[in-house]
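Asker: For reference, the chains in residue letters:
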Amino acid sequence: MAILLTPAHRISQEQTGRSVRSSDIPVPVSRSLFISRLPALLGGLLTAVPVLAAGQDASLYEKEIQPILAEHCFDCHADGADKGGVSFDTAGSMEALLGKTDLWVHVLKNVRSGLMPPAKKDRIPAADQEKLLTWIKQGALKLDPANPDPGRVTLRRLNRVEYRNTIRDLMGIDFRTDEEFPADDTGYGFDNIGDVLTTSPLLLEKYMQAAEAITARAIPLVDRVIARRTIEAGQFKGPGDQRKNRREIALPVYEVADVRSEIRIQEAGTYRISLDASVVGSFAYDPGKAKATWFIGDDVVHEEAVKWQAEKKLVSTVERKWEPGTYPLRLKMEPAQGWDARPSEIPGDGQPWVDVRFRGAILEGPLEPEHATRPDNYARFFPESGIPEDPAARETLASEIIRRFSTLAFRRPVDDRSVTRLTGLALQTMQAPDGSFQKGIARALTAVLASPRFLFRMEDTLPGSDPLAHPLLDEYALASRLSYFLWSTMPDAALMDFAARGELRHQLAAQVKRLLTDERSREFVRNFAGQWLQTRDVESVSIDARVVQARDAGSEQDLRERTAKRRQLNAAIDEAEKAHDEAKVAALREEMTALRARFGTRRIEFSGDLRGAMRREAEMLFSHLLREDRSVLELISNNKTFLNEELAKHYDIPGVQGDDMRLVDLPPDSPRGGVLTMGTVLAVTSNPTRTSPVKRGLFILDNILGTPPPPAPPNIPSLEASEKSSDGRELSMREALAQHSSSPLCSSCHNRMDPLGFAFENFNAMGLWRDKDRGEPLPSPAGQLITGEAFADVRALKQLIVTERRMDYYQCLTEKLLTYALGRGPQPCDIQAVDTIVDRLEGNGGKFSTLIMGIVESPPFQKRQRSTP
Amino acid sequence: MNIPHSNRRRFLRGMGACLSLPAFEAFSGKAMAATPAYATTATGAPQRMAFIYFPNGAIHDQWWPKGSGKDFTLGNTLAPLESLKHRLQVVSGLAHANAEAGNDGAGDHARANGTFLTGVRVKKTAGSDIFAGVSIDQIAAQHIGKTTRFASLELSTDPHRKSGGCDSGYSCAYESNLAWRSPTSPLSPESNPRLVFERLFGAGPQGERTANLDRRRAQQKSILDFVMDDARTVQQQLTHRDKAKLDEYLTGVREIEQRITAAERFPNPPDPAMDTPSGIPAAYDQYLKLMFEMMALSFETDSTRIASLLLAHDGSNRAFGEIGIAEGHHSLSHHRNDPDMIAKVARIDRFYVEQLAGFLTQLESKKDADGQSILHNSTIIYGCGNSDGNRHTHSNLPILVAGNGGGRLNPGRFLQLQDTPMCNLYLNMLDHAGVPHLDRFGDSTGRLADI
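The listed protein sequences correspond, in order, to chains A and B. Per this note's numbering: the first sequence = residues 2 to 870. Per this note's numbering: the second sequence = residues 18 to 468.
Just so you know, the hints here were simulated from the structure itself, not pulled from any lab data. Take these hints with a grain of salt, some might be off.
What the hints assert, rightly or not - Where chain B lies over chain A, by a calculated footprint (3+ residues, C-beta under 8 Å): (1) 192-199; (2) 399-412; (3) 542-551.
What the hints assert, rightly or not - Just a sample of chain B residues kept apart from chain A, beta carbon distances all over 10 Å, derived: (4) Gly92; (5) Lys140; (6) Ser193.
For each residue, glycine too, the CB sits at the ideal point set by N, CA and C.
Using the sequences provided together with the hints, build the complete structure.
Answerer: In structure tokens:
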């Protein structure tokens, strides 16, 4: 490091030709607060200077740093110039200047990512740049490698996803928090940020209700039940079964159906068999009728005339004494009329219909009491041997159950006082007139689920000897950080055991590996990648496939006219029908048929299945690279991807059949491969009817390169709307953008975003490849990064990101992952932790495990900021 | 002949008819005796207020009426309200200066939304330190909320939230919430009609709801003591920032406690003779309609006198396939004076007003015990914090005041003001509701002289 201070690297103020106003800046005499820590801070930087005196960091700045800035930055950022609102000489005093954390973080980021000095200016020589960056970290930001500041993590409430997963693991039931709780607010791009996860009174009310609903569903209130199982609709086969999924077959009253299955009985006894089916109809009246017949064996046990009725259940429950063997079940539908008698579509109300929705049969038994079994979930809460009669034994058992359960729920050992209080609550209910042991436990557990210790992630630290050092988290807190990071749920028994024995920290690498190979790590992919790459949104993003495709083909106008014509005809038909003008109705219908015939009735859709496949493609690639411990660079540039038949067709890749997603080798010249050209990213960065090069460029800057432009200035209309020139001619996207960003105010940012976005113009808003926009051939996708590197097409752009700009990408991904892992936004004190991880990634080609372990081992993950007195 | 009806049809049609008039019982009952001046009309009937937000501004030439004062004709956008013209005041010239860019740069949608009921400049932050102000409905709720079973009701028909950040560096909290209980605590609106219904009247089929509510209340009481004590113990071990988080929790617990105590002062809620809504209807117009029904029902049953409804967040890019509009609303709103795009935005504006008309008509058809319609005894604000979606302005906001405010308003007018803070109107509303005199709210400069 001594080299930093060799005279060769000193650029005197005379050389810069600039008299810096350091003499005007008063240097305070007393800086004792800083001085006490300076040797540690600047040790690496200042080995040539053995002793530090007051004001020395200021003089170091003047001697070493200011000349570099003067040479490369002051033209635009000093002496009255403040481009981009940045200036180095308006702080008022040296102390104020050095204390401008935001400024220095900004300088660090922009210099490091090559954004500053701008590409057309001279680069800062490598040694000077290194000196500047090191000084920023240690001198200006006062990052202390010996006692790194882990930053402040605000107490985190479980978000909806974490709550649901935790309840599933703790209580053994699925509680639909997405339906029951309001959505969580997001911050820094993620929905697990402590500061942002507020607890409104409404949410608290919902937590209380949820606690009750969950215990009511999860905790069995009886000791024994009659066994019960469902013979699901999916197991029934036969004519008419084509409209089915696992749970349900839709049987229209216009179609003959005869579906059969069977029950296997292993134990002789009395059984109860119930039909599970109901009549469902459209909003509009449908006159169709049918006879439904339900058979058990050869016996007709139920017959019903089915007609248009809302949610009418077909009720049949019979009991049979059965020996072990196989017994057939059968549902038959006999329509009173055929499909030809079906009423036509009613404008505004759609096609009328009546179905029997058949969900199968429910089998209960054997009904004899001696065959009764433990209810589901019983063993989770109660001893297999049952509940004792003796009051003292019951109280002991209650207290044991409560202690075990609340330790799991609070994710750390529970104190005796709480156990006593909770047991008191349980006893109260047990002794009430209609009370029972189970009800008492349920009451206590309801209180546990409503407790802040369940809803919030409380973190304790280990006692440390040095009061100034930031303490390590205790092992229970570490276990929770790991499990919520990699599983979005509570720690499992193994993690809790290690924590209890104080061995988790020693087992860290092995445990991380175990967590990542566990099925539950899909939650990490879903929640981290789902938000980082916004794949969560692809299934709901509003894209109009017809308009998008018509636009590519240049037939948007036609489509508009056709739609208007159809609308007009429909309205006219309505009118004519109201007027009972049969002849006119017939004529109009004919016209409609002709219109349909001319343009085809095939609906081009951006279907839910396709969207789902897109989401899975991104998640599966992420997951594959994570599990195989491959490079994170392969997320960006890759010659393989996950496809099923539908998605492969969408991408025009031959040879993939069936619904299952599998890893596919891409053709050598394919523009696909890597997340940026996946349907999901292309669609979520589009508008409903067209692509948005700006959104796509911004997405890459925000999420891949980590160099977001500042937000647009106020009162600038969205450029994407400016697709018409003053003479009304429709402009191409490129022309519109060029027009929009001709002003210097706009161009500085658009020059960063637009070239990136244009590289993706060959992909329409649904992610389909196209050569034309508005019927015109697309211009070349070639462009240039703001840092100067040129690319010929999207493949070359991806290549650039994983080579020339890979450090930006490592940096960005690491920051995103750290944000997600900690549940807080990036802070200046993280710079060192992030740099360490990035260096390691660079050292081994970006291995995924290095990234994950780097996060887990980093001080921000391991420690807690010491509380300031 | 008996024509069969689906549940939905029966539900929507039968909604009002099957209710008793609990509003009457409520204000003649002992609950009211304690606080006679709050939120009552001159005749003693309950007086309600509601705030309904539509997104992305309006097309002005079609929004504003022609004429002035009592002599005006509604424009194309508000035409669906023709039959209720005598109950309306279209007010021009109102502004939210704090939604303007100022030094905060981009983010007009987040600001429009965040400022609408708070009147303050919301803090530009992506997360760690959201800060707005107590919203007007919540100030009212603090004073008059105790007169009803629910202090206020927050609703939304915009259930989906995006991943990633929201508008230009603003936390999503600003655009997903209208109501703020404190500057740092937004009140998340409920977007599922079923849950709204169950909250108002209890879960389960008709006949069991009251008992279910009672049972829930008893159960809650027994555990509140425990969790309150638990939270206090835990809080002692926390540092400043974390303490504040737990404060949110404690506030919530206290509110439930208060509500339970308060609920005991009220007679049992009515048990509407209708099916509980099954969830969020797939069709958007049905969804809006159902949510409006829930709000109407809460007024009719005097469950609350204060409600807010976020139809969609400002900046919403929803496409309106149901009325033949494929492009996103937000994209369209930047129309650059393109006639086709303007026409589509105007159509969307009108679509929302059509839904509003259904709601107002329902309120008009119901009578309070003083013989006046519920609409007469209400003040309903319908508007947007963005004026012109194309240029992102926040003056001359599209604002509609419906209802007679229990006789305190002078509707049937097109009221043309000049650059007046929206917050001035809010102060009038607080006065009308019987809230003790407040000197200022948001950026108010006084009260409207004539409303």
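Asker: Hint by hint, note whether the structure agrees.
Answerer: Verification of the supplied hints:
Proximity of the region 192-199 of chain A to chain B, defined as three or more residues with a beta carbon under 8 Å from a beta carbon of that chain, is established by the 6 residues found. Residue count for the region 399-412 of chain A with a Cβ under 8 Å from a Cβ of chain B: 0. That is fewer than the three needed, and the coverage hint is violated. Look at the region 542-551 of chain A against chain B: 4 of its residues bring a Cβ nearer than 8 Å to a Cβ of that chain, three or more, so the hint holds. The beta carbon of Gly92 (chain B) sits about 23 Å from the closest Cβ of chain A, which is more than 10 Å, so the claim that it is off the interface holds.
Chain A leaves Lys140 (chain B) outside its interface by the beta-carbon criterion, the shortest separation being 12 Å against a cut-off of 10 Å. Some Cβ of chain A comes within 10 Å of the Cβ of Ser193 (chain B); the nearest lies about 7 Å off, and the non-interface call is violated.
Of the numbered hints listed earlier, those contradicted by the structure are 2, 6.
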